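Given these sequences and hints, build the entire structure.
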Amino acid sequence: MAKIILTHEVTGLGAPGDIVEVKDGYARNYLIPRSLATPWTKGAEKDVSAIRRARKAREIATLDDAKAIRDSLQANPVTVSAKSGESGRLFGAVTTAEIAAAIKAAGAPAVDKRKIEVAQAIKSTGDYTVQVRLHPEVSAKVTVKVVAV
Numbered sequence: 001m002a003k004i005i006l007t008h009e010v011t012g013l014g015a016p017g018d019i020v021e022v023k024d025g026y027a028r029n030y031l032i033p034r035s036l037a038t039p040w041t042k043g044a045e046k047d048v049s050a051i052r053r054a055r056k057a058r059e060i061a062t063l064d065d066a067k068a069i070r071d072s073l074q075a076n077p078v079t080v081s082a083k084s085g086e087s088g089r090l091f092g093a094v095t096t097a098e099i100a101a102a103i104k105a106a107g108a109p110a111v112d113k114r115k116i117e118v119a120q121a122i123k124s125t126g127d128y129t130v131q132v133r134l135h136p137e138v139s140a141k142v143t144v145k146v147v148a149v
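Going by the UniProt record's numbering, the first residue of the sequence shown is number 1, and it counts up by one from there.
Since the hints were derived computationally from the structure, they do not count as laboratory data.
This one's a predicted model, so the numbers in the text were calculated from it and none came from an experiment.
Treat each hint with caution, since some may be false.
Below, simulated DSBU-like cross-link-like pairs (lysine-lysine); rule was C-alpha separation at most 35 Å, straight line [stated by the list, open to error]:
| no. | residue 1 | residue 2 |
| --- | --- | --- |
| 1 | Lys3 | Lys145 |
| 2 | Lys115 | Lys23 |
| 3 | Lys42 | Lys23 |
| 4 | Lys104 | Lys83 |
| 5 | Lys104 | Lys141 |
| 6 | Lys67 | Lys115 |
| 7 | Lys113 | Lys145 |
| 8 | Lys42 | Lys145 |
Just the calculated beta-carbon pair ranges, DEER-fashion [to be verified]:
| no. | residue 1 | residue 2 | range |
| --- | --- | --- | --- |
| 9 | Ala110 | Ala50 | 21 to 27 Å |
| 10 | Lys145 | Thr38 | 25 to 31 Å |
| 11 | Lys145 | Ala44 | 28 to 34 Å |
Idealized CB from N, CA, C, for every residue including glycine.
Printed below as a string of structure tokens:
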């Protein structure tokens, strides 16, 4: 088992700044090459407090604020424009960054693209539901309408 420090949120594993133990291959072949984690050392453990301070500054302060944002996100569908062929199939896929920009353009508070979870790649026009993690206890299901340009 390898002891690592998470630098980004990994679904099912932990949040930035968490020290976790995972199997060697998972750490060596997936987490560390994608900069989702760093190997644990005594020196790196000192950096954990800086990572946690940065995370606390980015996250939504209270549970009530998160619930209010969740209600506004779920009430208003978000529209994303993308180039597509005649059959409605997109040239590429809709990214979480595009969804985050569309949420902000719709007048909702800015959402970090890393907090958006898309079940499977959005590669055609239509309506999709994505999950946005606003707080450790609150997540919103946002309707994304993909329209052709």
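Consistency of the hints with the structure:
no.: 1; hint: Lys3 - Lys145; result: violated (41 Å)
no.: 2; hint: Lys115 - Lys23; result: holds (25 Å)
no.: 3; hint: Lys42 - Lys23; result: holds (20 Å)
no.: 4; hint: Lys104 - Lys83; result: holds (21 Å)
no.: 5; hint: Lys104 - Lys141; result: holds (16 Å)
no.: 6; hint: Lys67 - Lys115; result: holds (15 Å)
no.: 7; hint: Lys113 - Lys145; result: holds (17 Å)
no.: 8; hint: Lys42 - Lys145; result: violated (47 Å)
no.: 9; hint: Ala110 - Ala50: 21 to 27 Å; result: holds (22 Å)
no.: 10; hint: Lys145 - Thr38: 25 to 31 Å; result: violated (39 Å)
no.: 11; hint: Lys145 - Ala44: 28 to 34 Å; result: violated (43 Å)
Checked against the numbered hints above, the structure violates hints 1, 8, 10 and 11; every other hint is satisfied.
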